[in-house]
Amino acid sequence: MKHLPVYITAIILAVAASYISVQVFMPEGETVREQEESVYDRVMRTGTIRCGYATWNPSLMKDPNTGEFSGIIYEYSEALGKTLNLDIEWVEEIPWSEFPAALEAKRVDVMCAGVWPSANRSRIIDYSNPVYYVPFLPYGRIDDFRFDQNLKKLNNPDYTLTMTDGETSSIIAHQDFPNTKKVELPQLTNISQNFLNVVNKRADVYLNDLTSFYDFNENNPDLLRIIPTDRPIRLFGVVVAIPREEEGLRRMINNATAELHQSGVVEKILRKYEKYPGSLYRTAKPYQPYEVPN
Amino acid sequence: MKNIGVYIVAIILAIGATLATQHFTAAPNGQSAMAEKKESVYDRVTASGTLRCGYFIWPPAVMKDEATGELTGFIVDYFEALGQALDLEVEWSQELNFSTYLQDLNAGRYDIECSGGWPNASRGKLVDYTTPIGYLPMYGYTRADDTRFDNNLDAINNPDVRYVAIDGETSAHIRKRRFPNSTLVSLPQITPFTDLLLNVETGKADVAVIDASQAYGYLSANPGSIRRVASDPIRVLQMNAGVAQNNFEFLEMIDTATKELIYDGVIDQILNKYDPTQTQILRLTDPYEVN
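Protein chains in written order, with the numbering used here: chain R, 1 to 294; chain Y, 1001 to 1291.
If we strip away everything but chain R, and leave its shape as in the complex, we get (with noise of 0.2 Å):
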């Protein structure tokens, strides 16, 4: 024990040696953490992108015998790798509520089930632009044209909206009608309930999306209709979903986004999965209308 102090100066060297050299030849303002691997790097340098998703009709189905996908954004996202090409792995199944959290770990590098962006989700992941739009409309009895270009007369308690707890319903809902009689029926309720609800008079008004009505329209026609407004009370995007701080990443997919547009193949896509014409929007073409002469 007699060389202790030597050792304990040796190792207090041996610390301010490392110290120093980090400090010294480390660039200004530079961390360990800010030279991990970009998930674009990792896209490029494996030459895959890694799909997480979610299954909803038409964005993203799933066979369940065959385990086969299809849909608007399966679709999408395959020609996306094809015009990048980059493989696309379909690695997770991940729930609504856990993708922001899986892409922020980076269990998936992008979530391709065709997300509608949300200012509460923003705080922690991006978005890519629009593939397509969805309109969310309201829904009234076939005989009720109390609110016909005149929605905000909806917005009084001799009046009864129907949603399902938590979902994009009930959010218009609270936001836009906070003075209605609500009718919450609990989140695992087949939405054609609520449907059901306007026409038997336990609500007189249901707001949802296009390809939903028309759904129920089909095994119930004459029994609803579409209350005329100047504009959708909603239109969401559909896009994919990346992490935060991937600016690389992002402008990789919009680029290619851009091109699906302009090339025709989105709309190629849309008009397959589009069984209702005119239930989900197009985006607008980003130029004038003009004639060209031959």
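If you're looking for bench data, these hints aren't it; they were derived computationally from the structure.
Only a predicted model underlies this, so the values are computations on that prediction, with no experimental measurement involved.
Watch out, some of these pointers could steer you wrong.
[What the hints assert, rightly or not] In silico DSBU-like pairs for lysine-lysine, Cα to Cα no more than 35 Å straight-line: (1) K268(R) / K1064(Y); (2) K285(R) / K1064(Y); (3) K1125(Y) / K285(R); (4) K1125(Y) / K62(R); (5) K62(R) / K1064(Y); (6) K1273(Y) / K82(R); (7) K1176(Y) / K275(R); (8) K1038(Y) / K1204(Y); (9) K1259(Y) / K1064(Y); (10) K1176(Y) / K285(R); (11) K82(R) / K1204(Y); (12) K1204(Y) / K1176(Y); (13) K201(R) / K1176(Y); (14) K182(R) / K201(R); (15) K275(R) / K152(R); (16) K201(R) / K275(R).
Since the structure of chain R is provided, determine the placement of chain Y on it from the hints.
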């Protein structure tokens, strides 16, 4: 000197600890964390006050007077206006080589690609693109007496149809995606774009896909020689500029200045000067509504 062995062990420990620290602070991609930080394009441009443009000759975007060397065109005017707005000198530093221009951009041999961008997905893997100032429509063209493809573009996707394209260029890219079954008549990269139409006119090919401005110029010089096969564009292309990857401060600076030129009406003035009939370059829609 009786403790010299102990001191040697101490020194070895110190060196070992230093090397271990360096090892664990190294970047995962093998790049040393101690490597000197590279100067960004933004830093270089703002420090020097000069924007170095790389360009292709591509009428009417970039044209060169062979006698004087003077450059004109709507992209030239756009960048000169951009330089003025940003208080930067625009230096038309080099004519680009098609096969290496993206790698040259990332290597910092010039600051920005000033020829219209022509972005697509595969180029977007390597570089970034600025906000567009307009869109370029690309149409199919055939001989004046050939009506086979009129409003039936799918008929082009047939081995009996000879599709002429420049190797590696946008027309070849469109064939690969849209008309893969057509028979390719391939022209080398240095071929002028108008040779695509010459091949169609002289019967060496049946169809070419080319931007409206090139076709307009060709038709002005050779009236009645070719015709457009459909009223809608086969593809539209953003007119913008390529910048080296991961230079987001620089990209934001160019985008902000470009939007200023768009909202001030400067871009419209420039485009109207070179395309007064508003048929060769599609104008942007307004990002707002007036009630």
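Has the given pair, K1038(Y) with K1204(Y), been kept, meaning a C-alpha gap of at most 35 Å? violated (51 Å)
What's the verdict on K275(R) and K152(R), does the C-alpha distance respect the 35 Å limit or exceed it? holds (31 Å)
Verify the proposed pairing of K285(R) with K1064(Y), using a straight-line Cα cut of 35 Å. This hinted pair holds, its Cα atoms lying about 33 Å apart.
For the pair supplied as a hint, K62(R) and K1064(Y), confirm whether the alpha-carbon distance does not exceed 35 Å. violated (56 Å)
Hinted pair K1125(Y) and K62(R), Cα distance within 35 Å: holds (30 Å)
Does K1125(Y) pair with K285(R) here, judged by a C-alpha cut-off of 35 Å? holds (24 Å)
Satisfaction of hint between K275(R) and K1176(Y), Cα-Cα up to 35 Å: Since the Cα atoms of K1176(Y) and K275(R) sit roughly 30 Å apart, the hinted pair holds (cutoff 35 Å).
Sort out whether K1204(Y) lies within 35 Å of K82(R), counting only the CA atoms. Answer holds: K82(R) to K1204(Y) is near 31 Å, not above 35 Å.
Check whether the Cα positions of K268(R) and K1064(Y) lie no farther apart than 35 Å. violated (41 Å)
Tell me if the straight-line CA distance from K1204(Y) to K1176(Y) falls inside 35 Å. holds (20 Å)
Pairwise hint evaluation, K201(R) against K182(R), where the allowed Cα distance is 35 Å at most: Within the cut-off at roughly 13 Å; holds.
Hint check: K201(R) vs K275(R), CA-CA at most 35 Å. Holds or violated? Roughly 28 Å between the alpha carbons, so the hint for K201(R) and K275(R) holds.
Violated hints, listed in ascending order, are 1, 5, 6, 8, 13; each of the other numbered hints is respected by the structure.
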